[in-house]
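Undergrad: These are the residues of each chain, in order.
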Amino acid sequence: MGDYSSHTISHIDHDFIADLLRKGERMDGRGFSEYRDLEIEVNVVHAKAEGSALVKLGDTSVVAGVKVLVGEPYPDSPDEGVTMVTAEMSPIASPLFELGPPKEDAIELARVVDRGVRESETVDAKKLCIEEGKKVYMVFADVYPLEYDGNLIDASSIAVNAALLTTKYPEMKLEDKKLVETGEILSLPINNVAIEHTVSKIDENIIIDPILKEEFVQDCRLTMAVDRENNFTAMQKGGGAGPISMELVERAMDMALESAESIRNAIDEAVKSVE
Amino acid sequence: MSPEVKPDFLISPEGLRVDGRRTDEMRPTELKVGVLKQADGSASIRQGKTYIIAGVYGPRELHPRHLTLNDRAYLRVTYRMATFSVPDRKRPAPSRREKEISMVIANALRPVLFLEEFPKAVVDVFITVIQADGGTRCAAINAASLALADAGIPMRSLVPAVAVGMADGKLLVDLGDEEDKYGQGDVPMAIVPQTGEITLLQQDGSFTKEELVEAMQMGINSCKYLHELQKEALKRAYVKRSDDDDDDDDDYDDDLETDLGEAELMEDE
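Going line by line, the protein sequences match chains A and B. Counting from 1, position 92 in the first sequence corresponds to residue 92 in the numbering used here; the numbering is continuous, with no gaps. If you want the numbering used here, it's the position in the second sequence, counting the first as 1, plus 275.
Pairs of lysine-lysine, BS3-like flavour, derived with a Cα cap of 25 angstroms: (1) K365(B) / K168(A); (2) K281(B) / K168(A); (3) K281(B) / K178(A); (4) K456(B) / K445(B); (5) K103(A) / K312(B); (6) K135(A) / K173(A); (7) K312(B) / K213(A); (8) K135(A) / K365(B).
These aren't lab readings, by the way, just hints derived from the structure by calculation.
Given the sequences, and given the hints that come with them, work out the whole structure.
TA: What follows is the structure, given as C-alpha cells:
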C-alpha cells in the first residue's frame with residue numbers, strides 16, 4: 001500500500017527502476033517476459049449474472065460479469081446482436097481513483113478491452129439474432145477493478161473472456177409478438193478468443209505485465225490482442241507520450257506471442273469447470 | 276435475464292421459508308476481513324447469495340474541498356451495485372436508490388466513529404455489491420463496519436445490521452430476495468450492540484405497532500448474533516496475520532536455543 005495521491009514521480013524512482021532493468025532485473029524479481037501469478041475463478045456471480053469471473057494478476061484483481069438481455073437491433077445491422085464491454089475505475093480499487101464521472105484513463109480502459117473483444121469477433125453477432133429487425137440478444141460484459149497494482153487492461157481482458165466463455169442464458173423466441181423461453185439453455189456463440197497483453201517501455205527496455213510502480217515510470221505502453229491463431233487483432237499505444245521504435249514494437253510483439261498460449265491455457269483450464 | 280418467478284407461498288404449511296429456513300433463522304453468513312490490498316481497510320460479506328465487498332480509504336485529504344468539515348472528518352459512503360448484480364442489467368450510472376442507501380449507511384455508521392479525531396479529512400467507504408439477493412444495505416453495513424475497523428479508524432463499536440419483515444403473516448429475520456419483493460413488509464435496522472441504540476431504521480409495507488415492536492426485537496437478537504460473527508471475523512484476520520509473520524524467516528522466534536543455528540546463518544548474509 002502507499003499513498004500515490006499526488007501523481008508526481010520522483011526521478012529517483014525512475015532511475016532506480018531503469019537501472020535495475022539495465023542489469024536485467026525487475027523490482028519483484030520477475031523476468032522481462034514473465035507474467036505475475038494468475039488466478040481465475042469463474043461463476044462468482046452464479047445467481048444473477050449469466051457469466052462471471054474473478055481474476056487476480058499478482059495484486060491486481062478485477063471482477064467481470066456478463067448480462068444477456070433481449071433488445072432491438074441497430075437499424076444498420078438488423079440481423080446482428082450487440083456485444084458491449086464497459087469498465088469503470090471504481091475508487092475501491094486504488095487511492096488513485098477518484099469518485100465522479102469516468103475520466104480519460106477509465107474510458108481508455110473500457111474501449112481497449114472492448115476493442116479486444118469486438119475486433120477479434122469473439123462473439124458471433126449473426127448468431128445473436130432472434131428475429132431479424134425485431135429482436136436480438138444484447139451481451140453486456142462489465143468490468144469492476146477491485147485492486148489496482150498495475151496492468152488493469154490484461155486482467156480485465158482475461159476476466160471478460162473467461163466470463164463470456166462461461167456465459168449461459170435461456171433461449172428466447174418470438175411467439176405472437178411476445179417473447180417466450182424455449183426452455184433451452186445456450187452458451188454464447190464464441191468464434192475466437194483474443195487476450196490482451198500489455199508491454200511497458202522504460203528507457204531502452206520493455207517488460208510485460210507492469211506493476212504499478214513500473215507503470216508510473218514508463219515512457220509508454222503497448223497493448224496487443226492476440227487470438228487463438230496467434231494473429232494480432234487489436235493494438236493500442238498509451239500510458240504516456242513517450243515514443244517507441246519499430247525494433248521495440250517488434251520485440252513487444254514477440255513478447256506477447258510468447259505469453260499468449262500460457263494465458264489462453266490458464267483461461268481454458270478455468271472455464272472447463274463450467275459445462 | 277435470469278427469470279424471476281413468484282413463489283406459490285413464502286411460508287410452507289410446515290412453517291418453513293422458501294429456502295427452508297425457520298422464521299428466526301439467518302442465512303449462512305460469511306465475513307472476511309482484509310480482502311483488498313490497496314485499500315486501508317476492507318471486508319467482504321456473503322449472506323446467502325448476496326455478495327458485497329467494502330473498502331475504506333483514509334483518513335485522507337478531502338476532495339472536493341468545499342465539503343470540508345472543520346471539526347471532524349467527513350464520512351463519505353459510496354454504495355454501488357455492479358451492473359450484473361441483479362436479474363436485469365442495472366444501468367451503470369449511480370441511481371437515486373444508490374445515493375439514498377449511501378446516505379443511510381453513512382448515518383448508520385457515523386455514531387460509532389471518532390471522526391472528531393480527524394478534522395478536515397475524509398474517510399471514504401466504498402461498497403460494491405457484486406451479487407444482490409436481498410438485504411444488501413444491511414449486509415453492506417456489516418461489511419463496512421469491519422472494513423473501518425480493519426483500516427484502524429477509531430470506533431466505539433462494530434455495527435451489525437439485519438432486515439426483518441413479514442411474509443404470509445409471519446415475522447421473519449434476514450429477508451431474502453423473494454421475501455423482500457413479495458412479502459408484506461421490510462424493516463432494515465442496525466444497532467450499536469453495547470448500548471442497544473438503533474442507528475438505521477427504515478420500514479416499508481404494513482405492520483401493527485405490536486408486530487413492529489416484535490419484529491424489531493427479533494432484529495436486535497439477530498444483530499447481536501451478527502455482532503459475534505463480526506468479532507470472530509476480525510480476530511480471525513489478525514490472528515492469521517500474526518501466524519503468517521511467524522513463517523517469515525526474518526522474524527525471530529522466542530525459543531532462542533533451538534533457533535541458534537538459523538540466527539547465525541542470517542548474520543552471515
